[in-house]
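J.: One letter stands for each residue in the lines below.
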Amino acid sequence: MRVSRLWTDARARGLVFQVLLLLGLAFVIAVIVVNTTENLQRAGLASGYGFLFDTAAFDINQRLIEYDSTSSYGRAFVVGGLNTILVAVLGIIAATGIGFIAGVLRLSNNYLISRIVAVYVEFTRNVPLLLQIIFWWIIMLTLPRVRDSISIGETVFLNNRGIRIPSPVFENGSSIIFLAIAAGLIGTIIVARWARARQDATGQRFPVGWVGLTVVVGLPLAVYFLLGRPIGLEAPVRGTFNLKGGGNVTPELTALWLALSTYTGAFISEIVRAGILSVSKGQTEAAGALGFRPGLTMRLITLPQALRVIIPPLTSQYLNLTKNSSLAVAIGYQDLVSIGDTILNQSGQALEVISIYMIVYLSLSLITSAFMNWYNARIALVER
Amino acid sequence: MRLKILAHAAVVTGMLVMVGTAPSQSATLDDVRAAGELKCGINTGLAGFAHTDDQGNWTGFDVAYCRALAAAVLGDSSKIKFVHLTGKTRFPALQSGEIDVLSRNTTWTLSRDVDLGFTFIGVNYYDGQGFIGRKSLGVMSAKELSGASICIQTGTTTELNLADFARTNNIDYEPVPIETNAEARAAYEAERCDVYTTDASGLAATKATFEDADQHMVYPEIVSKEPLGPLVRQGDDQWADIARWVLNALIIAEELGVTQANVEEMAAGKTDNPEVNRMLGTEGSYGEMLGLDARWAVQAIAAEGNYAEIFDRYIGPDTKLGLGRGLNALYKDGGILYAPPFR
Amino acid sequence: MSDERAFYRSQAEMLPPRPAPAATVGVVGWMRANLFSSYLNIALTLMSAGLLWVAVPPFLDWALFGADFSGATGADCTGDGACWAWLDQRIEQFLYGFYPAESYWRVNLAVILLVPALAYLLFDNLPYARYGRFFSVAYPVIAAVLLVGGFGLESVTTDKFGGFMLNLVAGLAGIVLSLPIGILLALGRRSRLPVVRILCVVFIEIFRGVPLITLLFVAIVILQLFLPPEVSLDQLIRVMIMITLFASAYMAEVIRGGLQAISQGQYEASQAMGLGYWQMMRLVVLPQALKISIPGIVNTFIGLFKDTTLVIIIGLFDILGQARLLQTNPEWIGEVDHETFLLAAVFFFVICFSMSRYSINLEKSLDTGRQ
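Residue numbers (numbering that gives the first Met the number 0), protein chains in the order written: chain S, 0 to 383; chain R, 0 to 342; chain A, 0 to 370.
Simulated from the structure, these hints should not be mistaken for laboratory data. Don't be surprised by glycine CBs; every beta carbon is placed ideally from N, CA and C. Take these hints with a grain of salt, some might be off.
To give a feel for the contact side, a few chain A residues facing chain S, derived at Cβ under 8 Å [stated by the list, open to error]: (1) 72; (2) 114; (3) 115; (4) 217; (5) 343.
Below 27 Å or equal to it, Euclidean Cα-Cα: the simulated DSSO-like pairs (lysine-lysine) are [stated by the list, open to error]: (6) R:331 with R:269; (7) R:206 with R:80; (8) R:80 with A:363; (9) R:224 with R:331; (10) R:224 with R:78; (11) R:134 with R:331; (12) R:142 with R:78; (13) A:363 with A:290; (14) R:134 with R:206; (15) R:142 with S:243; (16) S:243 with R:269; (17) R:224 with R:206; (18) R:269 with R:134; (19) A:159 with S:280; (20) R:78 with A:159.
Stretches of chain R that chain S covers, calculated by requiring three or more beta carbons in the stretch to come under 8 Å of a beta carbon on chain S [what the hints assert, rightly or not]: (21) 45 to 53; (22) 254 to 267.
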């Protein structure tokens with residue numbers, strides 16, 4: 000075996016290169032590990048994830064699970080992670096809505112509307128998101144003060160401390176209502192399948208939407224009254240300082256949500272516009288010739304075809320939105336990073352805290368991509 | 000053949016790792032001298048304590064300490080590299096050796112001193128956490144705040160103190176965590192929260208900037224002890240001693256009447272007061288003990304003056320912050336500022 | 000009957016065209032077609048007009064007509080409108096940070112030189128193209144020397160960088176440095192060698208999967224731990240390292256898109272001509288792929304440039320940092336909270352908007368070029 004084969008033969012060369020690369024990588028990692036342990040030792044710092052069980056000793060204003068200042072750092076992380084997921088999910092829903100509406104409106108033949116939408120898109124796309132988050136937060140602060148709250152029938156209140164809504168109180172038997180909702184949903188799905196099969200076979204249509212709505216809403220309502228109203232509503236009342244009771248949507252959440260959804264919505268609207276323009280004009284004209292109205296054409300002909308172009312870039316916008324939610328720290332919305340920063344500051348475990356950030360965001364990205372890939376594959380099947 | 004190459008590579012790698020990580024222990028003082036500048040960690044902006052003037056120069060109460068330390072060690076109060084740190088980045092910066100000293104209104108606590116691996120070298124401002132609220136709330140004490148929304152700055156001990164205070168007094172509150180003092184002030188003014196809690200010095204400073212200052216009141220409760228002071232890394236005792244005695248020298252200078260204006264004159268020859276002589280290096284060899292030259296304290300005081308001068312210039316009654324000396328008066332003036340003697 | 004006869008009447012010359020109905024031409028016609036064509040449109044038009052009426056005049060009143068433009072401290076701003084009195088003293092800090100005032104010309108020169116450097120890179124038909132290209136390649140070094148010092152220029156450490164200049168430097172350096180790394184990563188991701196491919200995919204996905212802010216925390220809080228104690232990097236340098244790595248992951252994906260658009264025939268033809276891998280890439284594939292990728296690169300730059308504002312969260316003084324600094328200054332506290340941020344927004348909008356226009360035009364011209 001000749002040594003020169005190692006660089007003349009393409010396969011051997013590739014192998015040698017890869018081995019060298021791995022060695023180089025191992026070397027870099029080794030240096031980092033050794034440096035880090037030494038630096039930590041020199042500074043007399045402990046490492047490890049044991050601190051997650053220590054008492055957090057600070058309070059969090061928005062918690063989706065039970066938490067107080069005697070809970071552990073680990074639990075605080077979970078609260079923060081859930082807050083991140085909450086704003087990301089709300090943001091994705093709203094950004095999609097805004098994006099589709101703005102994308103369609105920008106192509107509208109109404110000059111004023113298409114111009115206004117263009118201005119909105121250009122402004123939000125070209126100004127740093129951080130500034131927009133702060134902008135919305137300032138807007139939230141200009142809402143009426145708590146004493147001058149705008150109220151709707153003394154049950155829903157709006158002020159610069161948030162939107163306060165009645166919160167449900169669950170009594171015995173309320174689980175049956177959830178079962179009823181589930182039954183309604185399953186029933187609707189079965190009916191929809193049957194209706195589609197029949198339409199395919201005979202061409203007869205069936206009002207699935209109305210029937211479904213009646214079942215999903217009507218069944219739980221009926222059960223609700225039959226059981227003697229097991230779910231009550233606790234309306235907020237005016238207290239000494241604040242409104243008491245009910246649930247509160249904080250202005251920080253609202254500001255972050257508005258900023259994220261208008262910002263991402265602008266990007267999505269461009270994607271939607273490009274998607275719609277990618278559908279050939281012949282399709283619209285053919286639909287017109289068949290007697291479709293413009294609204295129906297958009298809904299049944301253009302959008303389904305545009306979606307195939309829209310979905311892949313849409314996925315990366317969703318990922319961006321989720322990652323951008325970490326800017327919450329600027330206005331004090333207590334998301335993962337915001338709470339993690341507090342933990343970092345109290346415990347000094349920088350390496351561990353930042354590794355948790357990375358793991359959580361990477362997993363969120365993976366889950367979102369996986370879901371969107373599944374959805375993409377599903378609508379791709381519709382193609383004939 | 001391939002195996003042999005692999006083996007060689009492994010040996011070389013191993014050697015490189017060992018070379019790359021040879022232990023190095025160098026004293027901070029030598030590093031500072033070698034670099035010709037002091038790396039001092041300060042706030043990213045806190046009125047009176049660290050802020051910029053119109054020329055973009057950093058000034059303030061905490062900055063003045065850095066300048067005195069640089070003057071003592073390097074003989075030039077401008078040989079400083081300021082590293083601006085937020086509440087979250089300050090500790091890693093000191094741990095990693097990015098800065099030599101942290102002078103950023105940091106509370107001396109056990110866990111920071113012990114667990115985070117720092118040495119607090121003294122206290123340059125005795126503070127305590129208090130609350131400010133509108134008089135129109137009709138509340139006279141922080142203990143009546145159940146149900147209120149309370150603005151706090153994140154990443155500070157105030158967050159923990161508030162939680163403790165609320166727990167012991169059975170107060171149910173909505174914490175409104177806010178990143179910076181400027182934002183907290185804006186939120187409080189817009190009545191996003193009923194009260195704002197931070198260190199008493201910050202409260203007084205904030206209150207002073209309200210147009211309707213008399214409509215607000217600081218509640219009598221001070222819910223925590225906040226001894227603020229500079230800190231260094233643990234493990235370099237010589238450097239900690241230097242940092243500690245520069246601070247002490249500033250305090251003792253006030254006690255002995257040594258000021259920025261008269262320090263050179265007093266250091267020119269022996270005075271009647273032996274402690275002044277020992278401090279200013281005309282008697283004894285205290286500078287040498289610290290590893291500095293004899294005029295170290297002269298240079299430190301000449302930089303920005305003694306403790307009282309620094310206090311008055313940046314945060315005292317004549318400034319916009321208008322803070323009184325209070326606890327920070329010398330022990331003989333009714334405060335608790337008490338530096339060990341030069342002996 | 001008479002109508003029919005008129006229709007069949009023969010005529011020697013064409014009838015002159017009649018003017019269009021009054022309702023379809025002129026202002027009225029335009030408005031009818033573009034604003035009031037249906038009930039839905041009428042409703043939308045009225046709503047939009049109302050929106051404009053509610054939003055625009057009060058804003059102008061605040062920002063311009065009712066604003067104070069002169070004064071020495073916040074107390075001089077007495078009107079109801081915005082307070083712009085600080086602009087006079089502070090605009091230099093907003094632009095240059097703590098850069099020494101006597102050396103502002105160096106920053107200005109670096110920005111001015113950027114114009115020809117970019118022009119020679121983007122346009123083919125300029126005079127002296129040969130030397131111009133060389134200048135473009137050398138520009139990063141020239142700019143670095145101008146900004147940091149050396150060769151007779153007084154040295155300015157990076158901790159003096161600030162204001163809008165810091166945003167520009169971080170954004171531009173990030174994009175320039177990320178280009179070669181991004182190319183390597185993109186090639187690696189399409190490599191036949193499994194180890195190379197997997198490593199590149201892992202790198203790209205990790206850096207694209209986490210928010211920039213966590214990477215900035217790594218830069219500020221952790222990176223120093225990874226290095227031996229003798230090595231100490233400035234905050235800004237560490238931040239730029241992370242920004243560059245972050246940008247190169249995005250760059251890699253943009254360039255991969257460009258590579259995928261190159262037809263297989265190009266690869267096969269180059270191989271048939273006996274070109275090796277690197278020759279093929281350098282002479283045939285990359286020039287084409289990069290050209291297609293330019294709009295994507297510009298968009299990545301816009302995104303990165305906007306993201307440089309995040310450095311305020313880790314305590315650097317970019318333009319937002321300067322804004323916040325002024326907001327905490329005892330002289331101005333409480334008077335300039337909105338104005339300073341508005342100024343920053345305007346700066347970013349002007350630059351990003353013009354770049355995105357340019358990118359769209361470029362996209363169009365490239366499109367026709369390939370047809």
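J.: To test your reading of the hints: which numbers does this structure violate?
T.: 1, 2, 3, 7, 8, 10, 11, 12, 16, 18, 19, 21, 22
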